[in-house]
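S.K.: Keeping their order, the protein sequence lines are chains V and X.
Our numbering numbers the first residue of the first sequence as 1 and each following residue consecutively.
Our numbering numbers the first residue of the second sequence as 223 and each following residue consecutively.
Derived by calculation from the structure, the hints in this document are not laboratory data.
It cannot be assumed that every hint is accurate.
[As the list claims (entries may be wrong)] For each label pair, taking beta carbons as the anchor points, the in silico distance ranges come out as:
hint: 1; chain 1: V; residue 1: G127; chain 2: X; residue 2: C553; range: 31 to 39 Å
hint: 2; chain 1: X; residue 1: G612; chain 2: V; residue 2: Y63; range: 25 to 33 Å
hint: 3; chain 1: X; residue 1: L242; chain 2: V; residue 2: R67; range: 21 to 29 Å
hint: 4; chain 1: X; residue 1: R238; chain 2: V; residue 2: I217; range: 49 to 57 Å
Note that the structure is a prediction, hence the values are computed from the model and not measured.
Beta carbons are placed, not taken as given, at the ideal position from N, Cα and C, and that holds for glycine.
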Amino acid sequence: MIRLQGITKVYPMGKGELEVLRGVNLHIKQGEMVVIMGPSGSGKTTMLNLIGCLDIPSSGSYYLEDREVSHLSSGELAQVRANRIGFIFQTYNLLPQLSALANVELGMRYAGGIDPERAVAALDRVGLYDRANHKPSELSGGEQQRVAIARALVKDPPLILADEPTGNLDSHTGEEIMSILTQLHSEQSNTLVMITHEADIAHHCQRIVHLKDGQIIGEEEL
Amino acid sequence: MKRWLEQLFTAWEGARTHKLRSSLTILGIVIGVAAVISLMSIGRGTVAQILSNIESLGSNLITVTPGMSFERGGVMRPIGSTTTLTLEDAQAIAEQVPYVTAVAPYSSSSQQLIFEINNMNAQVIGVTPAYQEAYNLETSEGAFISEYNYQSGAKVAVIGANVEEELFSGVSPIGQQIRMGSRIVTVMGVLESKGTSMMGSTDDAILIPLSTLQQTVSQQRTSTGEYLISSIAIAVSDQGQADYVVSEVTDLLRSRHRVASGEDDDFSIRSVEELVSAVSETTETMTLFLGAIAGIALLVGGIGVMNIMLVSVVERTREIGIRKALGARECDIWGQFLAESAFLSFSGGIIGLGVGWGLSKLISATEIMGSITTVVSSDIVILALAVSVGIGVLFGFLPARRAARLNPIEALRYE
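Please take these sequences and the hints and turn them into a complete structure.
M.R.: Right, dumping it as structure tokens:
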């Protein structure tokens with residue numbers, strides 16, 4: 001599903017350069033649920049952005065579903081994001097002016113078109129059927145994250161990426177979100193890659209990848 | 223199609239989210255479009271009115287004036303100051319030129335008119351009976367100067383509507399005597415009002431037989447004893463023959479005045495038709511000029527749209543990042559912002575159209591600017607709407623491009 005080979009990412013910084021990733025090799029099989037852990041500044045988010053085709057590596061190759069994507073144009077990357085990848089963010093990133101349902105529909109907009117029935121079904125699966133017409137500001141943090149999950153899942157992408165999905169939630173709500181994620185993952189065959197620094201959260205996954213100073217320093221199977 | 227509807231809906235959502243800001247932006251376009259529509263319609267109305275005034279004189283009228291010549295380019299130059307047209311010239315035209323229904327020689331001078339305690343300055347025009355036909359004049363009271371009046375040099379007068387109003391407030395003027403310089407004339411008729419026009423109006427004039435006017439000392443004769451007159455008006459039976467008549471009259475007068483070939487005419491001939499086209503050309507230019515000034519207002523409105531769209535792009539950086547993460551391509555974002563600015567300015571265009579239309583109707587109805595009937599023609603409407611959408615797209619271009627080119631990672635991180 002995902003194969004990273006010798007990935008580096010270098011950002012220009014003032015006169016010098018900042019090397020965020022230094023030769024990452026990683027293989028993730030289809031259907032796996034993998035968590036990336038590491039201290040802040042270790043390059044977790046940069047790595048997730050690369051996997052999510054929001055950015056391209058400075059060197060190395062990245063095969064997504066056996067397709068080399070590290071040299072695609074921004075338009076082609078957008079197509080990949082639209083059809084193959086669903087994002088879940090720490091800060092939910094819902095559009096405040098849209099209702100919960102419209103936010104979910106937005107997940108389909110760039111992936112072939114809006115199907116309101118599927119959007120309602122996705123909201124139902126995260127238990128927010130009766131909140132469809134509420135604006136994000138009228139929902140709790142946990143509910144907003146559930147809308148975001150529905151938005152990511154509605155187009156049924158092969159790959160779901162979550163950047164600290166429970167980072168802004170209390171531990172109880174965080175557990176709730178994780179149980180939704182694991183349940184949805186077990187029902188569908190998609191691959192889930194997640195960042196977290198909470199050990200409790202990480203233990204919902206099948207494999208933990210430890211990242212430090214831009215390199216993978218260890219992996220553990222659970 | 224579905225994609226376009228979605229874009230339009232997104233644009234509507236975007237505008238609705240910031241009601242005050244959107245309405246202020248729209249206001250700029252509204253003012254611009256309303257200004258264009260109302261100014262253009264006033265201009266068109268004025269043109270129409272001027273033309274109808276001129277044409278009420280009779281569009282088949284040709285006037286001959288002495289001494290001056292109008293170059294085709296419009297540069298006027300005087301050739302001597304002597305008047306050269308004579309009564310005999312007019313008679314010759316009437317006898318020799320075909321397609322002519324009336325030849326009206328006339329002279330005029332300005333004099334003070336006195337009736338009882340009222341007095342006014344008016345143009346005194348000495349005319350022949352043919353003047354009535356040449357200028358399409360109707361009397362509202364009494365009768366026009368007859369052939370008998372003319373032949374006998376009767377001391378009678380036909381007065382214009384404004385003269386009646388000034389001198390005879392309420393009194394019936396027929397049969398009343400007016401002092402005109404050293405002479406006294408009896409009013410025998412009142413002319414119907416024709417409204418003001420560029421050719422001078424008979425409303426402010428008093429008409430007396432040409433023979434009566436010639437009895438005054440101010441009238442000159444040529445060395446051969448012919449009576450000089452100040453103009454000849456010629457009515458042509460068939461408008462299509464106007465050019466032919468002009469050339470015939472020119473030839474006749476050149477030979478009568480012994481103008482050597484190669485020399486300039488010592489008179490000038492103008493047809494009303496020519497005047498109409500000259501006037502409508504100038505006034506159309508004026509209308510376009512007014513429109514251009516109003517267009518500046520529209521331009522400023524457009525810059526307002528651009529300004530707001532730029533602010534909107536910055537404010538919605540995070541939204542753009544989210545959309546990009548969800549798979550929006552550059553052209554999707556571009557289209558979204560272009561649609562929004564086109565939507566804003568088109569709405570402004572529609573409202574401005576209504577306001578401008580209302581304004582021009584109001585101007586017509588209240589007669590603030592005289593009795594102009596404003597004309598909102600479809601070409602102005604289409605132009606104003608097309609320009610407002612064009613402005614939306616043009617001034618939305620830069621902000622939309624800026625939005626489309628945002629880096630998704632930086633946009634998502636933007637607070």
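S.K.: Next, verify each hint and record whether it holds.
M.R.: The hints, checked one at a time:
1. Between G127/V and C553/X the beta carbon distance is about 36 Å. The supplied range of 31 to 39 Å therefore holds.
2. Take G612/X and Y63/V: their Cβ atoms lie about 47 Å apart, and the range 25 to 33 Å is violated.
3. Taking the beta carbon of each, L242/X and R67/V are about 48 Å apart, not inside 21 to 29 Å as hinted.
4. Checked against the hint of 49 to 57 Å, the C-beta distance between R238/X and I217/V comes to roughly 51 Å, which is consistent with it.
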